[in-house]
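Undergrad: One letter stands for each residue in the lines below.
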Amino acid sequence: MSTQTLTARVRPAAATRWSRRAAGVLVFAALIELAARTGLVDRKFLPPATEIVGRAVTLAFDPVFGGHALTSLLAWAIGLGLATLIAVPLGLLLGSVPIVDAATRSVVEFLRPIPSVALIPLVALVIGTGLQLRVTLVVYASLWPILYNTMYGLRGVDPLAKESLRSYGFGAAAVLLRVSLPSSAPFITTGVRLAAGVALILTVSTEIVAGRGEGIGVFIFFAGIAVPARMIDILAGVFWVGLFGVLVNALLVAAERRAFRWHHVRLGEHS
Amino acid sequence: MRTRGMRTTVFRALVLVVLVIAWEGVTRAAGSAFFPPPSTILGRMHAMWFSGPVGTLFLTDAAVGNILPSLGRMFAGFAGGALAGVALGLALGLSARAYDYLDGVLQFLRAIPPPALVTVFLVVFGFGLRMQLAFIVFSIVWPVLLNTADGARSVEPLHLETCRAFRLSRAERLFRVVLPSALPKMFAGLRLALSLSLIVMVFSELLPGTTNGIGFQITDAYSTFDLPAMWAGIVLLGVLGYLFNELFLVVERRVLAWHQAAQGPPG
Amino acid sequence: MLEIDNLSHVYGGGSPNAHHAIEGLNLSVAEGELLCIVGPSGAGKSTLLRSIAGLISPTGGQIRIEGNVVRQTPDNLAVVFQDYSRSLFPWMSVVDNVALPLRRKNMDKRQRREAAHEALESVGLAGAERKYPFQLSGGMQQRVAIARALAYRPALMLMDEPFGSVDAQTREDLEDLVLKVRGHHKMTIVLITHDIDESVYVGDRVVVLSKAPAHVVGDLKVELPTPRDQISTREHPDFVHLRAEVGRLVRGHAAV
Chain A
10 MSTQTLTARV RPAAATRWSR RAAGVLVFAA LIELAARTGL VDRKFLPPAT EIVGRAVTLA
70 FDPVFGGHAL TSLLAWAIGL GLATLIAVPL GLLLGSVPIV DAATRSVVEF LRPIPSVALI
130 PLVALVIGTG LQLRVTLVVY ASLWPILYNT MYGLRGVDPL AKESLRSYGF GAAAVLLRVS
190 LPSSAPFITT GVRLAAGVAL ILTVSTEIVA GRGEGIGVFI FFAGIAVPAR MIDILAGVFW
250 VGLFGVLVNA LLVAAERRAF RWHHVRLGEH S
Chain B
107 MRTRGMRTTV FRALVLVVLV IAWEGVTRAA GSAFFPPPST ILGRMHAMWF SGPVGTLFLT
167 DAAVGNILPS LGRMFAGFAG GALAGVALGL ALGLSARAYD YLDGVLQFLR AIPPPALVTV
227 FLVVFGFGLR MQLAFIVFSI VWPVLLNTAD GARSVEPLHL ETCRAFRLSR AERLFRVVLP
287 SALPKMFAGL RLALSLSLIV MVFSELLPGT TNGIGFQITD AYSTFDLPAM WAGIVLLGVL
347 GYLFNELFLV VERRVLAWHQ AAQGPPG
Chain C
82 MLEIDNLSHV YGGGSPNAHH AIEGLNLSVA EGELLCIVGP SGAGKSTLLR SIAGLISPTG
142 GQIRIEGNVV RQTPDNLAVV FQDYSRSLFP WMSVVDNVAL PLRRKNMDKR QRREAAHEAL
202 ESVGLAGAER KYPFQLSGGM QQRVAIARAL AYRPALMLMD EPFGSVDAQT REDLEDLVLK
262 VRGHHKMTIV LITHDIDESV YVGDRVVVLS KAPAHVVGDL KVELPTPRDQ ISTREHPDFV
322 HLRAEVGRLV RGHAAV
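Residue numbers (my numbering), protein chains in the order written: chain A, 10 to 280; chain B, 107 to 373; chain C, 82 to 337.
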């Protein structure tokens, strides 16, 4: 009789947990509703939850808001896609050729800590404030998590797996493609998931700082600086951005679990 | 081992020197107004911030008036957010049920990109320090909270059973067992929060209505087309980000020495 | 000292896949006795130990220690778990690990340190106080866990397969250590093991449990000469006879 089976806390079933989560969200919304309706918080600052969600639903059918959302989505998707296309091969290169890694390490270490939002004014001056500005900054910022996770994943590749393939006479490229890439794939996916969040932050930041054209950030910001400020529009916009973030994250987590079951089993992260 | 480590360090430093020289050469040859050579950037950094009197540690008025307020805001915001995140995270981690109930709300709040909320704080507090602090605190509290709760939840069951077998009090269990168990994940969250606090601090200073700070200097340089000053701001922020991270790692290594050693040599 | 009356425990009671770990188990242990409990794996040995320690509440029956019914962990009892690597706290030095439970006793910091020091000395770990668990071998870590229990000066020490995770040589050393320390500290020890030789070598008495649902199927007095010795005791005719008997009981075709 192993101690695990005795001491492991009994986790409630997935259905229970989902219903608890839903209950939590409902109570949270109810609290906002109550705070606004009873006048505990000024309605100017916090409208009732029903009104926020109602406004969000109306906005979903509003072509102007749709244009804002689509512009942001485009910048986010192009930026994240490009970042993945650049960072994965770069990570494979840096992670498998030590000399390149050593040579570029100091550059990487120097570039990474620069807070990406500080680059917005400079890049805006150099290339202008259109879609290219947003994409450039999204790419720059979301590069790092993917790059680091790819390199990290490569470090964890079982040397035995590489050697066994090499012993059959496969070359370095085959080893990279057949062993290193698949076994670091879970890490790469994690990197992309983290980068998706970063990309969203940069999309919205750039839109707010550059402050013109279309974009959900622009929509939210103008609602804020309008006189009087339209808090309900701000929060409805935030609602959609937050929901998008949650969905993308959940989707990528589910994809990781499904595609890389072997990985989780191997690591014993079964719960 | 040590000589090898030394050689890598020397090699990397050499590469950096070579790259800076190349950067200098290329920018000089290109002569683009957008890309001033590093010597110009360093010169500007020196003139702008570090050519003051000995009495103020060579800091100029511009440095005292911009860098210090930026750092002050950042650290005040970081401290507030970290404290709140750790306290709430521990409380949440102690009850699996509470965690289940709040998980959805927290995931949502964390998924909101902080800049989207800056307008909320703007409307509530108006431009100024209060809005900036509230914004920084709100931005960084989630990674700390969620990581801490995660850490507190993953306490080894046998450790808890040992606590019960020796009848440790609730306080002892919390501070001597749950808190240390949560430390590794808590530190991961804090490190994320530290770099995030630098980013959101700069972001809050890029907004209209700011009157000082490194971010303000960058926007100021933007409006006067003063590219060396913009670059100076960016380089300064990069250096600060690097230093904070290194400093944090030193602290982390000290606090988590038992953890890293128990995990085996970093490989 | 310890009396167990008609104990039973069911996991997941009510559900179709409920697991009856223990059923109708009776046992009593005398003051100062070293009792070994053996049984096939999955026999509910750990469930029994956790019930005695008050870590789980059995679904039926009663456990009394020194006449008091166990409802939560009694304060004159200490437990040594099998998995030292998970029961010692990795962020505390060896001496802090040993001294921690002593906070429940009326001792100041200096007294706690002294008691911890003494306990470490008695398990042969004097000088390792400042080390951290990960700096010690598995056997040494289990010594720390034993020292932690000893420092607590319990009337009853429960050991759950304490030598299950160490190599053979270390195991013999630790068995002798237990025999040695019980001579110094007057206490009752209940040691759970799946190793038949070990139970006969260490115990004053060996109780054999059946497969789940567990109950007592054998209760043998061990009357081997003391002090015991890893070589001569194990070749003693009584030892050979007893281990065969226990072995038959564990395998379930005993003629009792």
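Just so you know, the hints here were simulated from the structure itself, not pulled from any lab data.
Fair warning: this is a prediction, and the values are worked out from it, not measured in the lab.
Where a beta carbon is used, it is the ideal one built from N, C-alpha and C, also for glycine.
It is possible that part of the hints are untrue.
[What the hints assert, rightly or not] Examples of chain C residues lying across from chain B (beta carbon under 10 Å, computed):
(1) TRP172
(2) TYR233
(3) ALA236
(4) GLN250
[What the hints assert, rightly or not] Over 12 Å on every C-beta distance to chain B, these chain C residues come out as not near it, computed from the model:
(5) LEU136
(6) ILE137
(7) THR154
(8) ARG167
(9) ARG184
(10) ARG185
(11) ASP278
(12) ARG286
(13) SER313
(14) HIS322
Undergrad: The structure should be examined with respect to each hint, and the outcome stated for every one.
TA: Each hint tested on the structure:
With 10 Å as the threshold, the beta carbon of TRP172(C) comes within range of chain B, its nearest partner Cβ sitting at about 4 Å, so the hint holds. Taking 10 Å as the C-beta cut-off, the interface hint given for TYR233(C) holds, the closest approach to chain B being about 7 Å. With a cut of 10 Å, the hint placing ALA236(C) at the interface with chain B is violated, because the nearest CB-to-CB distance is about 14 Å. Because the closest C-beta pair between GLN250(C) and chain B is about 24 Å apart, greater than 10 Å, the hint is violated.
Taking the minimum C-beta to C-beta distance to chain B, about 6 Å, the non-interface status of LEU136(C) is violated against the 12 Å cut. At roughly 10 Å from the closest C-beta of chain B, the C-beta of ILE137(C) falls inside 12 Å, breaking its exclusion from the interface. The non-interface label for THR154(C) is inconsistent with chain B: the shortest C-beta to C-beta separation is roughly 6 Å, within 12 Å. Taking the minimum C-beta to C-beta distance to chain B, about 4 Å, the non-interface status of ARG167(C) is violated against the 12 Å cut.
Listed as outside the interface, ARG184(C) is inconsistent with that label: its C-beta sits roughly 6 Å from the nearest C-beta of chain B, within the 12 Å cut-off. Not every Cβ of chain B is farther than 12 Å from the Cβ of ARG185(C); the closest lies at roughly 5 Å, contradicting the non-interface assignment. Chain B leaves ASP278(C) outside its interface by the beta-carbon criterion, the shortest separation being 27 Å against a cut-off of 12 Å. Residue placement check: ARG286(C) keeps its beta carbon more than 12 Å from all beta carbons of chain B (closest about 24 Å).
Its beta-carbon lying about 36 Å from the closest one in chain B, SER313(C) satisfies the requirement of being farther than 12 Å from that chain. Chain B leaves HIS322(C) outside its interface by the beta-carbon criterion, the shortest separation being 36 Å against a cut-off of 12 Å.
Of the numbered hints stated above, those contradicted by the structure are hints 3, 4, 5, 6, 7, 8, 9 and 10, listed in ascending order.
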